[in-house]
Structures are given as C-alpha cells and as structure tokens.
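Given the structure of chain B, go ahead and fit chain R onto it with the hints provided.
Line by line, the protein sequences are chains B and R.
Here the first sequence is numbered in my numbering, starting from 1 and rising by one per residue.
Here the second sequence is numbered in my numbering, starting from 1 and rising by one per residue.
Since the hints were made in silico from the structure, they are not lab data.
Please note: incorrect hints may appear among the correct ones.
Said to hold, decoys possible - Facing chain R, from chain B, some residues (calculated, C-beta under 8 Å):
#1 Gly-47
#2 Ala-63
#3 Ala-88
#4 Leu-104
#5 Ala-424
#6 Gly-425
Heads up, the beta-carbon is just placed ideally off N, CA and C, and yes, glycines get one too.
Listed below, chain by chain, are the residues.
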Amino acid sequence: MFSDLDPVFLARVQFAFTVAYHITFPAFTIGLASWLAVVEWRWLKTGNPLYEQIYRMWVKIFAVTFGMGVVSGVVLSYQFGTNWSVFADKVGNVLGPLLGYEVLTAFFLEASFLGIMLFGWNRVSRKMHFAATVIVAAGTLISAFWILSANSWMHTPAGFREGVDGLLYPTDWIQVIFNPSFPYRLVHMVTAAYLTTAFVVGGIGGYYLWRGLYVKHARIMLGMAMIMAIFVAPLQLLFGDLHGLNTLKHQPAKVAAMEGLWETEKGAGLRLFAWPDQIEERNHFEITIPKLSSLILTHDLDGEVKGLKSWARIDRPPVWVVFWAFRLMVGLGMLMIATGLMALVLHFKKQLFTTRWFHLWCVAMTPAGFVAVVSGWFVTEVGRQPFIVFNVLRTSDTISPVAAGPIAISLAAFVVTYGLVFTAGAYYILKLIGKGPETTEEDTYGSHGVKQPPLVTDLAAGRGGNDV
Amino acid sequence: MFSFESFLDLPLVWYSLIGTAIFLYILLDGFDLGVGILFPFAPSDPCRDRMMNSIAPFWDGNETWLVLGGGGLFAAFPLAYAILMPAFYIPIILMLLGLIFRGVAFEFRFKATGKSRRIWDYSFHFGSLMATFMQGMVLGTFVNGIAVDGRNFGGGAFDWLNAFSAMTGVALVTGYALLGATWTIMKTEGDTQAWARKCASYVLIYVALFMGLVSLTMPLMNSDIKELWFSLPNFYFLQPMPILSVVFFVMLWRDLRTEREYRPFFLTLGIFLMNYIGIGISTWPWLVPFKLTLWDVAAAPESQSLLLLGTVFLLPCILAYTGYCFWVFRGKASHEHDPAY
Chain B
1 MFSDLDPVFL ARVQFAFTVA YHITFPAFTI GLASWLAVVE WRWLKTGNPL YEQIYRMWVK
61 IFAVTFGMGV VSGVVLSYQF GTNWSVFADK VGNVLGPLLG YEVLTAFFLE ASFLGIMLFG
121 WNRVSRKMHF AATVIVAAGT LISAFWILSA NSWMHTPAGF REGVDGLLYP TDWIQVIFNP
181 SFPYRLVHMV TAAYLTTAFV VGGIGGYYLW RGLYVKHARI MLGMAMIMAI FVAPLQLLFG
241 DLHGLNTLKH QPAKVAAMEG LWETEKGAGL RLFAWPDQIE ERNHFEITIP KLSSLILTHD
301 LDGEVKGLKS WARIDRPPVW VVFWAFRLMV GLGMLMIATG LMALVLHFKK QLFTTRWFHL
361 WCVAMTPAGF VAVVSGWFVT EVGRQPFIVF NVLRTSDTIS PVAAGPIAIS LAAFVVTYGL
421 VFTAGAYYIL KLIGKGPETT EEDTYGSHGV KQPPLVTDLA AGRGGNDV
Chain R
1 MFSFESFLDL PLVWYSLIGT AIFLYILLDG FDLGVGILFP FAPSDPCRDR MMNSIAPFWD
61 GNETWLVLGG GGLFAAFPLA YAILMPAFYI PIILMLLGLI FRGVAFEFRF KATGKSRRIW
121 DYSFHFGSLM ATFMQGMVLG TFVNGIAVDG RNFGGGAFDW LNAFSAMTGV ALVTGYALLG
181 ATWTIMKTEG DTQAWARKCA SYVLIYVALF MGLVSLTMPL MNSDIKELWF SLPNFYFLQP
241 MPILSVVFFV MLWRDLRTER EYRPFFLTLG IFLMNYIGIG ISTWPWLVPF KLTLWDVAAA
301 PESQSLLLLG TVFLLPCILA YTGYCFWVFR GKASHEHDPA Y
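Excised from the complex, chain B in its bound form (with noise of 0.2 Å):
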C-alpha cells in the first residue's frame, strides 16, 4: 500500500514535521526564560509586587511550554537512528560529542532547576529561587549553543576528513565547533528567540490593555516587549543580513534560491514576487526591483550573483520553499520594526497605554516570532538540499534501511498525537492568560505608572510572609 512512496521523502517529511514542531517552544521558552530572570530580579530589587504577580503567572505558561518542548526533543535524540541510520553512522564520530555535550552541560542543568523553579516556593529561599530561574535561563542558551553548532556544521562543515571506510572523523575539534557558520547562526536564532517572546508577551500585554483588564501589570508587559521591538528588532535584519552574506560565501545555491535568481546577473534586481518553476528553470510573474540584490549581497550596485543554472539540476535545492519561507521570514521582520517604530512615536506622544488600535496590532502581531522563526527553518534547510551534509553527503544517501509503511505510520501517528498535545497545551495556555494574573487587593490602590506608595510594598511583603 504503501509501496509507491518514497522513503526519503517520507522521511524529511516526518523530521521537518517533528523538528518544526519542537523548535516553536524552545524559540519561546529561551526568550521566557530569560525574560522570567529580567522579571524575578526586578521584583526582587524593587519589592513591587506586580512583577511577582507576572512571574507567577508567566511562569505557568512556561511549564506548560516547556514541558511539551522536553517530550517533542525526546523524539529528535532517537529519530536520527530510526529514520537517518546511515547519517549517524557517518557522522556520529564528528557530531555525537556535540550532542552529547548538550545533555550533560544544558538539558540536566533545565530539567533539574525547573522542578525548584516551578515547586520550590516554599522550599527554598528567594536568592536561590531567582538562582534556579538564572540557571534555567542559562541551560536553554547552552543548550542553544551546541545544537546549533552541531547543525551550522551540517551548512558548514570543517575540521574533518573522510575515512577509507567512507565515515566522517574529526580533525579539529574546534574547527568542527566553531564551524564557520555557527557565530552568525547562533546570533541570529537566540535573538529571533528574544522577539518571538517578546511579541508574544506584548500580544498578552496588549490584550489585557485592549480589554481593560490586570491594566497596571499589561503596561509592563507590553512596555518591556516593546523595548526588545524598539532596539532588538532592527539588530535582527543587521544580523540576518550578515548570516545572509556568510551563506552566499559558502552556499550560494542557496542564497541563489531566496533571490529567485536562475541566470548569473550583474546589478541582479530583487525579486518581490514571484512564481518560481523548478522545471522550466525560471519565474512565473515576476516583480523585480532593479539592482537591489547586488547591492544587498555584494554593497555594489553592479556586483554578480551567481544564478541557479550554475549548479547542476541534481544539486540545486527546491526554489518555490526557499524562496517564499524567505519572503515570509523577512516580511514579518519588516513588521517588528514598524511595531517598534509605532510604539516608540507612541511613547514619545506618551499613548503606548492608550492607543488601542495599537494594542489590537501587538494581538496580531502575537504569532510572528513563531511563524517568523519556522520559515526561517525552512530557508537554511530546505536550501541545504539535497545535501543533508552540504557538499560532503547527499540526504538520499543516509535512511534507515526501513520501508516507506513503518514511516508513513509513524508520521502520521506524531500528526495525530502533535495534533492533539498541541491542542490542549494550546487550551491551557489561553486559559491561564484568560484566568490572568492573580491580584491583591492592595493593587487596586496606587497611581497610573508612577512609584508604588510604600505601603503597597509593605502589605506584600506581609503577604509574602504569611504564605510561607
């Protein structure tokens, strides 16, 4: 039945679904984290009771996160063995210490602080509660920092050579680690993690503003988001920019693919729409700005970038994804920066609390990490095939020896089961933002903004101390 199918596909398929999957909550709760940290210390060195109140709330929607992140990157540490057997046994002498340094220096260092961080309240003191959350913060970064290392060498890999026996060992370990497209990808994704949380957070901030709801603690949500839109934002397309000149160094099939561009031009324009044909070898519809991609990619009007019909057609990646996961990424990057425009002529004309179309904009804005952070996926991956290893090892070349049925069934359980996990954590999560933040009594007295008159702050440090 299921003879017809091809494995390989059938199996990217399956890893672009898990991964794709799984990278949407580390993309939040590395920004959460930290964020929680930012959060936990100013409550702590102020005393102000509604970050607090914040942290408690936001720190459930961190479990509930987090939690479906552990059990959705569970299946990856084993989905290299059960679909991708030939690549980890070429690869493993060069990667698998990386992977391994992920477990033993990020993942136990997560797991085992979230327990005091989510349950130890009462059971440890605040100093080393806010420790846990710093702890927590740190192990996501860590754990950042050799995956993408590990799979930067996938883009780039260096500091290796080829066996006699046709595996892959290492020569030099940190040639291997600091691969040269690992400093551009780090950057890229740990910010583009920062912003994914930010404008989820202004979305929940600008929704309470919105709805009149939990004002005082909204205006530090949406005002804390909007900083990291303001000044964070416009250093994500500096830092796109320059990952995008370090790939058309060492991939350009790949930029050549995001450009939509087929033929070698000099002055080569930017294709903003376009309807790219992976067999007729060109594009359908197409809007060009002249000149623009050479200047973007070479600073020189007049500069040549290479097209698609350099590479043989077997070794080109597939043009339509790339292209458009491209316009996709950057488009919604676009719209950060104008969010951060807006909030800053609002702050200055001092309605960012008050302008409600604009809190009714940070809700749509909500999903554009998220959708902002896959499509950038697909980019980089879909763009290194058909190498799985680029240049060194073909994708088709390392499957399991497993037949099309066992992946079709497993894909289309991890749908179903995804599906469903998704849902109900998706539930949750809107439940715990519907339920808010739980308030005092004392909060409801004070000023708009303005210091917390001290009695505020002596009441919930009374409270604090009758919960122990």
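Then chain R, alone, in the frame of chain B:
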C-alpha cells in the same frame, strides 16, 4: 588532536558510563513510570494528587537520562545506535508517543477542571504503561539478538514482536510498578501509603514470578548464555547475583509488613541492580547482540576522548545537583498543587 587511547580502553570506559546512565534512567524514570502504572488504581483523587506531586519536580530530570542514553549511544557508539534504532523502530516510536502522553499530563492535569482532568489521568496512565511495556520489549529484543547486514540492521520491521519480548515487556511493567509502589510508600503517608504497601506486596509476587521466568528462558533460548552461567567455575563466581536477589526479595517481603518507609524502595533498587548486572553479564561483550562487540561499534578514539574529557567533570556536577533537587523536595508530598500558586 588529543586522545586518551594510549592509556585507556575508551570503548570499555564508555560502555560502563552509558551502562550507568541507562541504569540510572531505569531507576529514576522507573519509579515515576511506575507511579503512572499504578495511578488509576489509587483509592481516591487526593491520593492521585499526592502521587503526582511526589514526582512532578523530578520527572523531567529523570527523563533526561533517557536522552543521555540515546545521545550517549549516538556519540560513543554511533554504529550501535545506527543499527539498534531501525531494529527497534516501531517500539521506540510507540515508547516516545507514550512518553509524550504522560509527560504533558503533568502540567495539563492540574490546569484541567472537572471531567477533563480524567482525560489526563488516563493519558498519564496509558502513556506510562505503553512506554514501559515498549522498553521491556526493546530489552527482550536486544537480549534475543539483532540481525545485521553490513553496517545496517538486516532484519524485518516486526522482528521485535514475539512471545519472549512480550514477556519481558510485562515483566518490566511489574518491575516499574514495584518501584512506583515503594516510592509512594516513601513519599506519602496515611491512606495512600497503606494502599501503596498493599500494592507492593501483590506486585512483588509477580515480579518474582517474571524474574524467574526470564532467568530460566534466557539460558534455554541461547546456549552461550547457558554456557556462561552454568559452566564451572563461572557458576560459583556468579552465585552472589541470584543469592543477593533472593535475599533482597525476602527482606522486601518482610519490610512491607512493617512500618518501614524507606528501605523497601532501596531494596527494590537492589533487585533492579542485580537483574541489570545479570543482563549485562549475559550480553557481554555485545553491543549489538550477538553480532558486534562494544569495540566493533565504538566511535573514533578522538571523539570518545573529547566527550570523556567533559564527562569527567560534568557527571559529578549533574549527580550533585540532581541530589540537591531530591533533597529540596524531601519529605512527604502534599495533595495540593503547589500551595504557593
């Protein structure tokens, strides 16, 4: 490129390290999977809440040992990983799906209200059951031997499905249930504890039965294993294992009829250790039984050395802070979901 190859038998070091990691996984996730297996049989909802709370701070860390098992095998013995994973394709996937359903239940259950909480109770139970049963089947398939073709798995998609592996599957379910029950005795009091004590006494009988069955069938099915255990002088050297197992069983049987709260759990750990060592001896030195030894499937010495360098420092740290977390959450579990929330 540095390498410790000249003065260390690296594959052997890694075999022991990964063996230890997998054993820690079996112990640690064993008790929380066991709690999941016993979950629906608990006498009341507050009992279930207590049981859940007793493991909620730990399950995530416990499951990380499974990631270390998989990741470590990939890093230190990539060829074994590349052959075993396709060999266990279906049971591994089913185990992972089970772990997903039980893992999310921890958070979802306390967020759910009314009838929908029941869904997550069952998700937790059946997820735990499925994951455990599949781990047992993987174990059974492993000790039965794996078909190899060159550097690939050479068997069929359903090689893992047979009566023996089904038996080891059920055996592991009873084993984890015993771990879960003795853990519950240690971490709860009152009704819940009394119930867990009763559970443990029943389960203990099944554990003994299945251990006997597995210990008998393994040498019968494989003449090398029979030779190993029953030839002289091996027979005398290996006696401590079965004797200690019996001693632990008897002590546990008696402890369950006293007020002891801690020792039953540690005696169960002892029983698991004896079994684990027994299986280790039976399959020595195979990592892909009975085709490839641990030296055949080892990663390049420089790869094993790099990871070993870090492991020497990191593993003690991990054990220390894992211990710290268990210490922070010492004492009896409450039935309230984190009272500070």
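Indices of hints not satisfied (ascending): 1
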